[in-house]
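Visitor: Letter by letter, the chains look like this.
Protein chains: 2
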Amino acid sequence: MLKYEQIANEIENYIYENNIPQGTKLPTVENLAADYQVSKSTIVKALESLVLKGLVYQVRGSGIFVRKKSRNGYIDLNVMTGLTNSLKDFHITSKVLEFDVIRPDEELIKSLECDPNEEVYMIKRIRYLNDDIMCYEESYYKKSIVPFLTKEIAERSIFEYLTSALNLNLGFSDSYIHIELLDSKVAKLLDLDTTSPAMIFLQQLYLSSGQLFNFTKLTYHYKHVKFFLQSSSIK
Amino acid sequence: MLKYEQIANEIENYIYENNIPQGTKLPTVENLAADYQVSKSTIVKALESLVLKGLVYQVRGSGIFVRKKSRNGYIDLNVMTGLTNSLKDFHITSKVLEFDVIRPDEELIKSLECDPNEEVYMIKRIRYLNDDIMCYEESYYKKSIVPFLTKEIAERSIFEYLTSALNLNLGFSDSYIHIELLDSKVAKLLDLDTTSPAMIFLQQLYLSSGQLFNFTKLTYHYKHVKFFLQSSSIK
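Taken in sequence, the protein lines are chains A and G.
When we follow the working numbering, the leftmost residue of the first sequence carries the number 1, and every step to the right adds one.
When we follow the working numbering, the leftmost residue of the second sequence carries the number 1, and every step to the right adds one.
Please note that a few of the clues may not be correct.
[Said to hold, decoys possible] Beta-carbon label-pair distances, calculated as ranges:
id : chain 1 : residue 1 : chain 2 : residue 2 : range
1  : G       : Ser208    : A       : Glu180    : 36 to 44 Å
2  : G       : Gly23     : A       : Ala165    : 26 to 34 Å
3  : G       : Glu155    : A       : Val59     : 29 to 37 Å
4  : G       : Met1      : A       : Lys95     : 47 to 55 Å
5  : G       : Met1      : A       : Glu155    : 46 to 54 Å
None of these hints come from the bench; they were simulated from the model.
Note that beta-carbon positions come from the ideal geometry of N, C-alpha and C, so glycine has one too.
Chain A with its partners taken away, still in its complex shape (with noise of 0.2 Å):
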């Protein structure tokens, strides 16, 4: 991680733990460079990279300003993978349904991008907010990327040990979003009545290196699940 990004995380852990309100001006990047004894071109990168991120925003001539947060209860779109680790609010649990490594099919090969016989670690889950069920899960990794995985791991947090245990450079992701109705069996996993609506997430996960790794079907629960999107720009 680079210096900026580092003081990016601290004033956003500093807001975000102290609970800043709205509309809070922040101190001047001079005071912030020296509170961070960094350069106040680092501050002023960090600051820039939080604005894009929607945390702060920015009035020429007069300041820096703090955004509104999430309300209590919406999942924030802007850190929307790692669950277990952005939704601090919240208490995330997983039950694993199915574990296995799998050949994929000619659905699955294009959602990965993969050959036919790459192996694919395949895990399907049930998981939880608070005590509400949150979404079901079908998740899809590669083998060659991430060689060790276990049930054990997917009923904790899968994101936690890829960072931490197989320290991958997480990169960014791509998210198709539609409304389905839901088919028999997966209205019975979400405790719902079939043909019941259900927000699809149809997500792929890169490394910071650009390779794709991840291929997940989320399918929320829709009555207990609400998301929250901040943009930095509007055009």
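We have chain A; now place chain G onto it with these hints.
Guide: Below, chain G alone, put in the same frame as chain A:
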């Protein structure tokens, strides 16, 4: 607009208009600086903003690469306001159902963060994506910030009018997203059965000064609209 933002827009348009495929390496910072006749630091800032917008990714020691574009038919959540303008691949049209100046009720006072005496433009529209119904939209603008608006303007692009005619400096937006089952009135407007699901966006738009000036409720047709979301970091 600052110089680096202008360069970022030009690079974005270049990638977009030339349909540069995913994984393509961009020219070096040195070459881009020469091409655009600006300093290397301006190029670095422009590229950093494009990384955070999810348009390109950076591989340390290797270069900057183009990321995947929204699939055909998907609305990009990273550029979700000013639809007429941002959905370059789509033909967006609007039909105004109601247009009025009102005093806000209690709910709207909260959503627009205004006082009960504030005059507010109320616009109800159906928006079409190519020839399909895209959404039903209820939008509220503070008259103190948007002093003049007409039904004719609302038939076209309000966004275009705000930026080009009124010269407003648009800032950022907050969106709250959930699924609702339609009541009979809105179902009819969307040409769907009552209790069909819909993706609901509750959206607040701010000027770059941080002033809230608009609240919009968007009810998306669940069969005609899909969304795409790129995140620049996984955490």
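Visitor: Each hint needs a verdict: does it hold in this structure or not?
Guide: Status of the hints after comparison with the structure:
1. G/Ser208 to A/Glu180: 36 to 44 Å: holds (38 Å)
2. G/Gly23 to A/Ala165: 26 to 34 Å: With a Cβ separation near 29 Å, glycine 23 of chain G and alanine 165 of chain A satisfy 26 to 34 Å, so the hint holds.
3. G/Glu155 to A/Val59: 29 to 37 Å: At 33 Å between Cβs, range holds.
4. G/Met1 to A/Lys95: 47 to 55 Å: For methionine 1 of chain G and lysine 95 of chain A the Cβ distance comes to about 50 Å; the hint holds.
5. G/Met1 to A/Glu155: 46 to 54 Å: holds (50 Å)
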